[in-house]
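Peer 1: Quick one: dock chain against chain with the hints and give me the complex.
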Amino acid sequence: MRILLLAVFVSVSLLSINVKAIENANPQTEQRIRQLSEKLRCLVCQNQSLADSNAELAQDLRQQLREQVAAGRSDDAILDYLVQRYGDFVLYEPPFKATTVLLWIGPFVLLAAAALVLVATLRRRRRVPEEPALGPEDRRLVERVLGPAVPPERDGSAR
Amino acid sequence: MKRFLWPLAIFILLVGFLAVGLRLNPREVPSPLVGKAAPAFELPVLHQPDKRFVPGDMRGKVWLLNVWASWCVSCREEHPVLMELSKRSVMPILGLNYKDKGEDAQRWLKQFGDPYQLSVVDADGRIGIDYGVYGVPETYLIDAEGVIRYKQIGPLTQAIIDDKVLPLAKALKK
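Protein sequence lines, in the order shown, are assigned to chains Z and G. With the numbering used here applied, the first sequence closes on residue 144, and no number is skipped along the way. With the numbering used here applied, the second sequence closes on residue 199, and no number is skipped along the way.
Chain G on its own, in the form it takes in the complex (with noise of 0.2 Å):
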C-alpha cells in the first residue's frame, strides 16, 4: 500500500505547484528600483514644450508618477480609475507620456479628461528605460524623498488604489 502512496503524494505535490504556477503572472517582473531612488530626468512639459520638469521639483511630496500613451489600450482602461484619485485630490498625479506624439496625447486628455498635474513628454522612450517601463502603463509611488515605494506593471484598478496605494501613501506621508 505504501509503495502506492508515495507516487500519489508526490504527483499532489507537483500539482500544487502546477496549480499555484499557473496563478502567477509571468508579465509581472519585480522592478529592482522599488526602494531606490526614483532616476532624474529634466524633460518638457507637454502643455508647456518651453517649460521643463525634474523629478526634484516634487521634493517633500508623495506622489505617483503614470506612465502613458494615447496609443496604449490598457491607459484607456486605466483612466477613470485616475480620474477619480485626481477628483479626490489626495496626492498628486504626474504623467510621463512614452513614446508618443505631442498632438496625440493632448487631444487623448481632451477627449478622456486630464488626471495630471502635469504631464512631462518622453518621445522616444529613454527616460522609460531609466524607469524600467516595459509595459505601458505603469505607475510608481514616489515618497517625499523622492524614492520609489510602489511600482504597478500594467492598469491601476480601484482595487489596487485602495488596498496597496492609497495605505502605503498614508503610511509615508506620516
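Looking at chain Z on its own, in the form it has when it is part of the complex (with noise of 0.2 Å):
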C-alpha cells in the first residue's frame, strides 16, 4: 500500500515537474500569467481559479492570457477581454456597480444595525432598576423570620 502511495505521489510530482518545464518560458511573463489567472474563475468548475483548474477550457483561457500578455497587452485589457466574453462572473473580485452594491455594503449595514441593537439593549438595560426597594411590610416579615434587626457590625471583618 504504501508503496502504491509513494509511486502515486512520484509520478504526480514528476507530471509537476513537467508541466512547470513546459510553462518554463520566461519567468517574469509566467508570473503574470500566473496572477492573473488567480484573479479569474474557471467557468467550468467554479470553484478553483483559471490558475488551479486543468479544465480543457482553462487551459485554453491560459493559453489565451499567455498570448495576450505576449503581445503585451495591459492587465486591464486582458480581464476586460475575458469579461466581455464571460462576464463579470469571470472576476473572483467582483467589481462595484449598481447590482453589487448590496454585496459590497451589505456586511458593513449589517455591522451598524447589529452595533446599534447592542447599543439599544445596553441602554434598556442601564434603565432596570438594580434593586427592588424592601418595603415596610416584607421589612416585618423578614423581622418575623430572621429576628429583630442587629445593627451591622463596626470592624467589617464580619460577613
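Errors might be hidden in some of the hints.
To be verified - Within a straight-line C-alpha distance of at most 16 Å, the following computed EDC-like cross-link-like pairs (lysine to aspartate or glutamate) qualify:
no., chain 1, residue 1, chain 2, residue 2
1, G, K124, Z, D45
2, G, K124, G, D82
3, G, K195, G, D155
4, G, K124, Z, E41
5, Z, K24, Z, D61
6, G, K112, G, D139
Unchecked claim - Chain Z regions said to be covered by chain G (calculated; three or more residues, Cβ under 8 Å):
no., region
7, 35 to 46
8, 58 to 71
Please keep in mind that the hints were generated in silico from the structure rather than gathered at the bench. This one's a predicted model, so the numbers in the text were calculated from it and none came from an experiment. The beta-carbon is built from N, C-alpha and C at its ideal position, and this holds for glycine as well.
Peer 2: Have a look at this one:
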C-alpha cells in the first residue's frame, strides 16, 4: 500500500515538473500569467481559479492569457477581454456597480445594524432599577422570620 | 412572546433565501453577449473544408447557432430536439463544431442525423472563447441584424424551444 502511494506521489510530482518545464518560458511573463489567472474563475469548475483548474477550457484560456501577455497587452485589457466574453462572473472580485452594491455594502450595513441593536439593548438594561426596594411589609416579614435587625458590626471583619 | 417571534421570523426568512438559492442553477451564468453583435469569425465548413463561412452570410435571417461536439454527452441528449426543429424548418440551425475531430464529427452526424444547414469547424476552440462558451452544448439565437438575442447554456429541451426560442424568433422576424 505504501509503495503504491509513494508511486502515485512520485508520478504526480513528476507530472507537475513536466508542466513546469513546458511553462518555463519567461519567468516574468509566467509570473504575470499566474497572477492574472488567480484572479479569474474557471467557468467549468467554478470553485477553482484558472490557475488551479485543469479543465480544458481553463487550459485554453491560460493559453489566451499567454498570447495576450506576449502581445504586450495590459492586465486591465486582458481582464476586460474575458469579462466581455464571460461576464463579471469570471472575476473572483466582483466590480463595484449598481447590481453589486448590496454585496459590497451589505456586510457593513449589517454590522452597523447589529451595533445599533447592541447599544439600544445596553441602554435599556441600564435603565432597569438594580434592586426593588423593600417595603415596610417586607421588612416586617423579615424581622418575624430572622429576628430583630442587628446593627452591622463596626470593624467590617464579619461577612 | 414578541422576543421569540423575532428570531423565528429571521429564521424563516433565512430558510426562504436558502430554499430559493438551492433552486438556482449556479452553472447558468448570464451571458454579457446577449444584446450585443455576434462576434465575427471566418471558419471552414465541416463537410466542405475548402469553403468558409462568416456569420455575415446569415444577414437578414433569424437563426440558431448551436455549439456541439461529438465528445459531448449532453449534445446527444439535445440532438432529437434539434432534429425536430430542423424538420419544421422554422429557422436555419447552424452548428459550431467545437474542439472536435473532423472525422468524428462527420461520423456523429451520419449516425444520429444532421439537423444543421451547415456546421463550421472551430478546432482549437478559439471562436468558442469569443462566444463565451464554457459548457457545450450552447445555443445562440441571432437576429437579422446579427445581434445575439438569447443564449441557452446546456442542452435545449422541447419546452425551451416552445416557450422561449420560437416565440422570441417569431417576434424578431416581424
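Peer 1: Next, verify each hint and record whether it holds.
Peer 2: Status of the hints after comparison with the structure:
no.: 1; hint: G/K124 x Z/D45; result: holds, 11 Å
no.: 2; hint: G/K124 x G/D82; result: violated, 23 Å
no.: 3; hint: G/K195 x G/D155; result: violated, 27 Å
no.: 4; hint: G/K124 x Z/E41; result: holds, 10 Å
no.: 5; hint: Z/K24 x Z/D61; result: holds, 12 Å
no.: 6; hint: G/K112 x G/D139; result: holds, 11 Å
no.: 7; hint: 35 to 46; result: holds (count 4)
no.: 8; hint: 58 to 71; result: holds (count 4)
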